[in-house]
Structures are given as structure tokens and as C-alpha cells.
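Below are the chains, spelled out letter by letter.
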Amino acid sequence: MSGAAFVTLIAASSGLFAIGLFGLLLRRTVILQLVSLELMLAAGGFAFVVAGARHGGAEGQGMFVLVLTVAAAEAAVALVLFLRLRALADSADSDAFDRLRG
Amino acid sequence: MTGWAALPFAGAALAAAALAVTRANAVHAVLWMLAALLALAGAFLALGAPFAGGLQILVQAGAIVVLFAFAVTVLDLSAEAVARERARIGWREAAPAGVAALAVLAPLTVAAVSLDGGAGGDVGPIGPAAVGRLLFGPWMLAVELASLLLLAALIAARHLGRRGEARR
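Chains as they are written, first to last, in this note's numbering: chain A, 1 to 102; chain B, 1001 to 1168.
Hint data in this document are derived by calculation from the structure and do not stem from the laboratory.
Being a predicted model, the structure only gives us computed values, none of them experimental.
Careful: at least some of the hints might be erroneous.
[As the list claims (entries may be wrong)] Computed from the model, here is a short list of chain B residues facing chain A with C-beta under 10 Å:
no.: 1; residue: Ala1049
no.: 2; residue: Phe1070
no.: 3; residue: Ser1078
no.: 4; residue: Ala1079
no.: 5; residue: Ala1083
no.: 6; residue: Ala1112
no.: 7; residue: Val1143
no.: 8; residue: Leu1149
Built from N, CA and C at the ideal position, the CB exists for glycine as well.
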């Protein structure tokens, strides 16, 4: 892979991360914030795979597998928490969950 | 593996992601996220990373999107609710979020452009065997930690999702 292609693809992964952050800040529906978080995690994994392809090692894909594990665990716990909180507050908005009670 | 072959897929992923975070209808947002994740899988295959591409399709675009598809069924998606959501993501709300995202993107892009990448070259595809030798050799501890993380997530999801009286 040429250096220019490498820089372009890393910049693309940064762009994907920024789009995810934009969505996370823009949306107030919890599930759409989780969609944005998922895109941010995917951007991180993409950067690892691009770097692995540039340097010819398996480490990039290895780190991608670990990022994928984190994404799967995060999605499972976050979605069940969302369903639980939605039942409690009767709302799908993150704004509704502004009070912590023991 | 020239690297440029992955660029169309990366561009498609960026476009689909931008659509995903701006759709008022949550079902459309999840479907555009699926498109973005599948485009990334195409980029991985074009980069000579078939193992990452396969996992991206099976786990990220498969299992995780199915979870989202289940969760999205509890949302109110009537025409009024979608119109209300559309009214909440206008320019007034998008401007500060866009500024914050650009503030993060700028240093990332500067850092990306300043990368020289070291000694790179044409290295051909890296197959699952090489990744497996890495993960089950020197990275064994990381894999065990990842399995513990998944177990913890499984137990947490089971515990939080149980039916019954909600504790207040």
C-alpha cells in the first residue's frame, strides 16, 4: 500500500469516527446514540485493519477482533439497559434519564 | 494490495454513516448503519484482510445489527413521532454537534497526514491462519480477557433483562 493510500484511508476512518461523534451529540433517542457509538467503534477497528495491511502484520486484524468483542459486549449491555430504562421512565430519550436513584 | 481499492468502500461507508446519524426514522437509521458496516467489510476484503471482513459481516453487520433490530421494535414510529424527531434534528441542534465533531476531526486529520507509515509495501493478503497464530500464541491472554468480557456482558444482560417487578 502506498503512503498516500494509507494516509487517505486513516483520514477516512477519522471521518467515520467524527460522523459517529456528531450523531452521538445530535441525537437524543438512546438507540440512535448507540448506533452512533457503534459507528465510532467500527471506525477504530477500521484504522487498525488499515494499519495492519500497511505493515503486513496480523496484529491489525488481531486488534480488530478485540475491538469487535468490545463492540458486541457494549451493544448487548447497552440495549438491555435501554429496554430496562425505557420501561422505568416510559421514554426512549436520554434526556428522560437525568436522575440517579439508588 | 494497492490500498486504493478500499477507497470506494470507505467512501460508501462514510456516506452511509452520515445518512444513518441524520435519519428521523430509527429503522432507516439502523439500516443505513448496516450499509455502512457492510461497506467497511468490503474495504477489509479489498485491503487483503479476509478474516476481519468475514467477522465484520458475521458479528458487526450480523449479530449486533440483529440486536438493534429487536430493540428498535419498542420505539414509537408513528408518523407524528417521526415528524417530532425530525423537528429535533434541525440546523439549530446540528450546528453545535457539528462544531464539536469538527474540533475532534481536525487534530485526527492532522495526525493522519503527518503519518509517514514507516516501511510499508506490497504485502499481499493476510489470511485467518496468521491471525489465529497471533491470537492463540502471543496474544492468548488478551483473548482470555475478551472471553471474560463477553461472559460478563452475557451475565449482565441476563440479569438486567429478567422479567419481574422493576425495582425502584
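Okay, the hints, checked on the actual structure:
The criterion of a C-beta within 10 Å of any C-beta in chain A is met by Ala1049 of chain B, whose closest approach is roughly 5 Å, and the hint holds. Because the closest C-beta pair between Phe1070 of chain B and chain A is about 8 Å apart, less than 10 Å, the hint holds. For Ser1078 of chain B, the shortest C-beta to C-beta distance to chain A is roughly 13 Å, which exceeds 10 Å, and the interface hint is violated. The interface hint given for Ala1079 of chain B is violated, since its Cβ lies 16 Å from the closest Cβ of chain A, which is over the 10 Å cut-off.
Violation of the interface hint for Ala1083 of chain B is found here, the shortest Cβ-Cβ separation to chain A being roughly 14 Å, above the 10 Å cut-off. Interface restraint check: Ala1112 of chain B against chain A, minimum CB-CB distance 4 Å, threshold 10 Å, status holds. Because the beta carbon of Val1143 of chain B sits about 8 Å from the nearest beta carbon in chain A, less than 10 Å, this interface hint is met. Contact between Leu1149 of chain B and chain A, as hinted, is supported at the beta carbon level, the nearest pair being about 5 Å apart and thus within 10 Å.
Comparing the model with each numbered hint stated earlier shows that hints 3, 4, 5 do not hold.
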